[in-house]
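*Asks:* Going down the list, the sequences are from chains A and B. Take any residue in the first sequence, count from 1 to its spot, add 396: that is its number in the working numbering. Take any residue in the second sequence, count from 1 to its spot, add 36: that is its number in the working numbering.
Keep in mind the hints are simulated off the structure, nothing from the lab. Among the hints, a few may not be true.
As the list claims (entries may be wrong) - 16 Å max Cα-Cα, derived EDC-like pairs, lysine to aspartate or glutamate:
#1 A:K403 to B:D383
#2 B:K314 to B:D217
#3 A:K488 to B:D267
#4 A:K403 to B:E386
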Amino acid sequence: MAEKQHKIVMMKPHDKVAVALEPLSAGTTVNVRNAETTLTVQLKDSIEFGHKFAVVPIAEGEDILKYGEVIGMATRAIEVGEHVHIHNLEGKRGRGDKIGANG
Amino acid sequence: MAQTDKRTFWGYRRPNGTVGIRNHVLILPTIVCATQAARQITELVHGTVSFIHQHGCAQVGVDFEQTMRTYIGMGANPNVYGVVVLGLGCETHQAKMIAHEIAKTGKPVEVVAIQDYGGTLMATAQGAKIAVKMVQEASMQRRELCDFSELIVGTECGGSDACSGLSANPAVGVVSDRIADLGGTSILAETTELIGAEHLLAERAVDDKVAKRVYEVIHAMENRAIQMGVDIRTGNPSPGNIRGGLSSLEEKSLGAAAKAGTRPLQELIDYAQKPTRKGLVWMDTPGHDIEQLTGMVAGGSQLALFTTGRGTPTGSPIAPTIKIATNSTVFESMNDNIDLNAGTIIDGTETIEQVGERIFDEIIEVCNGKLTKAEILKQHDFGIWRIGPTF
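Just chain B, same shape as in the assembly:
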């Protein structure tokens, strides 16, 4: 195989021109009541993935829309070959509406509603039959050489410690710059964990509108704590962050912002929204690992870089996450979960740039099919950022 000048990888081209690095058939439960049937289909049919959640009904307004956008984005993600949308029938987030939106990508989409088939067993059988056909079709698709500009890489830090801002996050920053320079997209998220560092990012905004939006989303997030009358530190930094040496949210934020590298901030997008520009993009998400990862994947990220100081198993059902340790101790103690070690920067045996180069090489390998630890351990986490009450 001709490969590569580090500008290309082998991906799956979708009918709408986007490129996947995986070829999953997604069983997409649009309502909590359908999640168990969806899980059973994945147990019956090799090559399918799904996720468990608590959503899809009795949501209204912007919260309804955000959940809708998340479901549609998961189905539309380029890593998905085709989708079986599994509904119940009576829920607010109607399976047919979601399938209709995903079908605009041109990929195969089918709908099964449990009430239409007289219950779980028949609906499971029907979903599984459709999935078998889809998986076989997916297996016929060949990878083709694709350009790095096709990639949207999500960046995330979870289980941070004092080393996060010194080793793994600056190394991810090097990679983020490289991706932007190659015409790709790098998503910065975790609005909560940018409180206290917003002025540094606003300075890099491409225009005043983006700079203004930076302050708006930061203040909206901070005001949630203020309006509730709580000290944000009761949730963030977490007890593990504190044991790792982080004393305040501001300190954590300054370390987290290092993931953003040095390139201009092109735009600020809503949760689970697809970027409209290339380069560095900020998605408004909470700091919660699973909710932010879900938002970035629903926004089209084919891959995520996840730095960790305390160690974390998290992953997405459809987008590989490359786990990067901030210190050598956690790399060794949680090696089942962690792919790369940036602790060498702390140890003094590698520079930030050298680790950035290793992360970049790993991205190419993972794009070409190398499985991450989170994928091998079936870490299929999913969580939607709820912004409203349930009725």
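So that you can see chain A by itself, here it is in the shape it has in the complex:
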């Protein structure tokens, strides 16, 4: 296979994101392998080393899974290949701003 294999890790089969272990440019098509299958994803954004991108479409308000566990929820709809980070993912724990004294 002539196609270049990029360094990407997807921790668990039902995760909705994968981590880039090398910087990836927008427009790159990458193969994301996990225990069950290989997903082909075209990146919509450039992804820095250590950052995440969506491997499946994620709806607004949906839980985002990594390590097979919830790492937060989508604050808006996220398309496959989009950068997933603090601009579209919010942690759900310790949110005193939402349910605390001033919330």
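Add chain B to chain A, keeping to what the hints say.
*Replies:* Using the frame of chain A, we list chain B on its own:
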């Protein structure tokens, strides 16, 4: 020297049977007002260590007790040969009370109070004279062959990045399992950075009481943010964590929990408390690097494993910290501070198990006297987790 089947190391046996891997004389300031004099004694007398802090007076209740426990634990740590307890005289955390508790270990303990000696200069001179004698006595002690079951190893991640949960933390998890299997103790801490991963640890608790306690300490920590009406993300993950690719506290926690390996969770102890059981133990501490390291060392850890993705210089005055990089870039860029590289896992040149083996070998070397980068750079950090107001 006969060494070793990887079950033993050369340590210093203390009168109460515990084993140190260092032989420090500690100048222990019980109050902020005595910290400068303590530092001056360490400058005068080779072989002594101390720490700067802001505590020791006008604290009440559980906060008073926690600071007390931390001071006593630092003096009682097996890496300390003897202690000069340096007080002012009028403070709530009385030097004599602290010295009395440390002396129960059987190690040499002396008290100097600045007000009793008419000021800083005479108290410094008196403390230094005592320290000279103690250091010389300490230098006569020989190392003896000790078993790994004597070790309490603190584990910590600081300056995390997205690689922490993929490389260095799982490798520390391998080591944590190995230590537990050898009859030693591995401390998991950073309650803040286990929020979102608590269910995975509760499942591994040895009994329902420990599992219940897991949820209690997690909720108490989370509720601090909720009661203050703040978003915990304003403090954690930190800006550096976020640049490193971590998006939420839950994501950071799932990576941090990898340090705990796979063995059963034996007990959950309070900050600066000594473990009562061997194997994997969770100490309730904040995520703050210095405060959690201090808690683990005051709880008797002779050594700490510290993984870092962004790079950190932190260390303890009395317990060596082995710094482990999560990625090769930070290992190279901050090599003055970092001892080992787990970034090889990300690079694809080593497995998690192979890095775990290297960390384990390094533990044996450091136990036998090899200095860590943090020790060489005199990174003598100390910070107490305050849980109450000052009056």
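*Asks:* Hint by hint, say whether it matches the structure.
*Replies:* Hint check results:
1. A:K403 to B:D383: Judged against 16 Å, a Cα distance of about 9 Å means the pair holds.
2. B:K314 to B:D217: holds (10 Å)
3. A:K488 to B:D267: Given pair A:K488, B:D267 holds - Cα atoms ~10 Å apart, limit 16 Å.
4. A:K403 to B:E386: holds (15 Å)
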